Amino acid sequence: MPEIGNTYEVAFERPKSMYAQFDRKEDLQHTTHYCAGCGHGQVHKLLAAAIDELGIQDRTVLTSPVGCSVFAYYYFDVGNVQAAHGRAPAVATAIERSRPGATVISYQGDGDLSAIGSAEILHAANRGENITVIFVNNAIYSMTGGQMAPTTLVGQRSTTSPGGRNPATEGYPLRMSELLATLEAPVYIERVGLGDNRQIAQARRAIKRAVENTTKRLGFSMVEVLAPCPTIWKMSPVEAQRWVKDVMEKSYPLGVMRDRVKDAEPKPEPMVAPGLAEIPGLLGIEAAVPGEASRSGHRRRGKAVHLGVRVAGFGGQGVLLLGEVLAEAGLEAGLEVSWLPSYGPEMRSGTSNCHVRLASEPIDTPLVTMPEILVAMNEPSLRKFDASVKAGGWVIYNGEEFPAELMREDVHVLAREFTREAQALGDPRVANMVMLGALLELAGVVKAEAIHKALTKLVKSPKWVELDERALARGRVMAREEREQVSRGCGVMVG
Amino acid sequence: MKADRGQLRVDENECKGCGLCVEACPPHVIALSEGLNHHGYRTAKYAGEGCTGCGMCWMVCPEPGAVTVLHLVAATVQAGGVECTGN
Ligand SMILES: Cc1ncc(C[n+]2csc(CCOP(=O)(O)OP(=O)(O)O)c2C)c(N)n1
Ligand code: SF4
Ligand code: SF4
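Those protein sequences? They're chains H and E, same order as listed.
For the first sequence, the numbering used here begins at 1 and goes up steadily by one.
For the second sequence, the numbering used here begins at 496 and goes up steadily by one.
Please keep in mind that the hints were generated in silico from the structure rather than gathered at the bench.
Mixed in with the good hints there might be a few duds.
Claimed, not checked - Label-pair ranges, simulated between beta-carbon atoms:
hint: 1; chain 1: E; residue 1: Arg537; chain 2: H; residue 2: Val256; range: 50 to 56 Å
hint: 2; chain 1: H; residue 1: Gly101; chain 2: E; residue 2: Ala542; range: 17 to 23 Å
hint: 3; chain 1: H; residue 1: Asp52; chain 2: E; residue 2: Ala542; range: 53 to 59 Å
hint: 4; chain 1: E; residue 1: Glu529; chain 2: H; residue 2: Met235; range: 46 to 52 Å
hint: 5; chain 1: H; residue 1: Asp52; chain 2: E; residue 2: Pro522; range: 42 to 48 Å
hint: 6; chain 1: E; residue 1: Ala542; chain 2: H; residue 2: Glu9; range: 38 to 44 Å
hint: 7; chain 1: H; residue 1: Pro274; chain 2: E; residue 2: Arg504; range: 48 to 54 Å
hint: 8; chain 1: H; residue 1: Glu13; chain 2: E; residue 2: Ala542; range: 27 to 33 Å
hint: 9; chain 1: H; residue 1: His123; chain 2: E; residue 2: Arg537; range: 31 to 37 Å
Unchecked claim - Sample of chain E residues at the chain H side, in silico, Cβ under 8 Å:
hint: 10; residue: Val524
hint: 11; residue: Ala526
hint: 12; residue: Glu529
Said to hold, decoys possible - Selected chain E positions facing chain H (Cβ under 7 Å, derived; list incomplete):
hint: 13; residue: Met496
hint: 14; residue: Val505
hint: 15; residue: Met554
Since this is a predicted model, take the numbers as computed values, not measurements.
Note that beta-carbon positions come from the ideal geometry of N, C-alpha and C, so glycine has one too.
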């Protein structure tokens, strides 16, 4: 009879959702960067297997942390975002909420999750974000060489607890799973271990269950995995595995801390996030996406503009609005602009100030530490900022008596009772607009039409727009008169 | 002679010789090689027979593709010439 050989078929192999070859240095494209026996490698395998089994590779987005698993994106053939240290749950939240249909998994170490990222995980769990968190707890900061983590065991040595962790000075191991299970929102929290075959098999089931919850939109699921780090623990892989079971598990009991899966209602799908091109429309502004053709076409030609203005006064004088109208008018004129209200300690004494930049080139910083024009609406503001004005610049001061000791040889001054002028126009509160009118006249960077547009955008009441327009016109006249007197003219407009 | 229900393949390029599969294998049919691979690791080595196909070694292995476990799907039992199908 014909001899046929035994036939074998592959039953367990490299998960489909992991790359066959890694985009790493040449010699390292077939091995991970993990040490021999590393728990991260094991968890990667189990997670990838779950993704395969659930058939969700094409909709999975993994946020990887800072720590030894920072390079998870080399291995997982899914969507990948690498987050700043501890921020993975916040990043995962953003992805979850803007990508309908995505299954979002936040992969984190214990330093990442329980130390620097303790706030992010707490609030993501408390909001019941529909994400899976895979929390790999190896009781130490491994990537950086073995510093103590909040999860380090009592008595465990680390480079920063060389005598062993002492609860009297370093507190106790933080049990994140128990802590998060005190919250209402999470649907599923389980702690598993990688201490032996049985534990690893349970870890596999738990990870799959958590991810499945996420695919069903049931809410926040987390699996904490007690994982070996042979290198930093200074053990062989097999010793490290035993240590998980014999020692670590005593501080971190395994088991389900929360299971409300059966009663959980699926959360609604998030709305589709608008495309970049739609955003200006939603914000009610004209297309201003950097680098887009419409922008450069919009930009005015001609003289280079580079104007920095500081506006200061007491609260209620309209300091911020003055700055805002100026910046908005700059936008209307196709300039780059920035407007930065400054909320320093001076807020408490009732003064306020803002920084405004108008420029023909992109602005590097919105801070204006040396303004070309200072608008000082009261004396304390003048005292505070007078010395900062650039040589050749202008000080527009709301007061006729300019303090003699603040007089500078190298700056021009327009000192008038602007509030009185405003009063004469009908309301002392438009002093800011009279001063803005003067500023515009002196700076000469934006046309009246742009100002008008900006004003109607920011000031809703037509009555006020009308008054503001008259105030602006009055200010322009006052500045023109002043300039005619100062034969030197305006040194402000750097052209 | 009955055919083994499973079979193990080790990718020597990928194995780092952590020994977790050696520990995990219920019938103890994995050992570490005497020689080193080009990275300098001793690698997992299948004894050549006795695998049950349980997949434990695959599950504990931290490298994505270092071990592959196969299942017997069709066997020829030479003595009686009877063909049987497994799994
Ligand atoms: C903002 C910031 N602070 C500190 C670091 C340094 N740093 C890198 S990894 C790490 C600890 C990682 O520990 P863990 O999350 O336990 O991951 P493991 O390496 O143990 O897997 C720290 C503190 C950093 N990269 N960024
Ligand atoms: S140092 Fe520890 S956690 Fe990092 S790769 Fe090595 S074994 Fe894994
Ligand atoms: S599949 Fe099971 S029996 Fe076969 S080598 Fe792996 S651990 Fe051993």
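Hint-by-hint comparison with the structure:
no. : hint                             : verdict
1   : E:Arg537 to H:Val256: 50 to 56 Å : violated, 39 Å
2   : H:Gly101 to E:Ala542: 17 to 23 Å : violated, 47 Å
3   : H:Asp52 to E:Ala542: 53 to 59 Å  : violated, 29 Å
4   : E:Glu529 to H:Met235: 46 to 52 Å : violated, 23 Å
5   : H:Asp52 to E:Pro522: 42 to 48 Å  : violated, 27 Å
6   : E:Ala542 to H:Glu9: 38 to 44 Å   : violated, 21 Å
7   : H:Pro274 to E:Arg504: 48 to 54 Å : holds, 50 Å
8   : H:Glu13 to E:Ala542: 27 to 33 Å  : violated, 20 Å
9   : H:His123 to E:Arg537: 31 to 37 Å : violated, 47 Å
10  : Val524                           : violated, 15 Å
11  : Ala526                           : violated, 13 Å
12  : Glu529                           : violated, 17 Å
13  : Met496                           : violated, 11 Å
14  : Val505                           : violated, 12 Å
15  : Met554                           : holds, 6 Å
Against the hints set out earlier in the document, violations occur for numbers 1, 2, 3, 4, 5, 6, 8, 9, 10, 11, 12, 13, 14.
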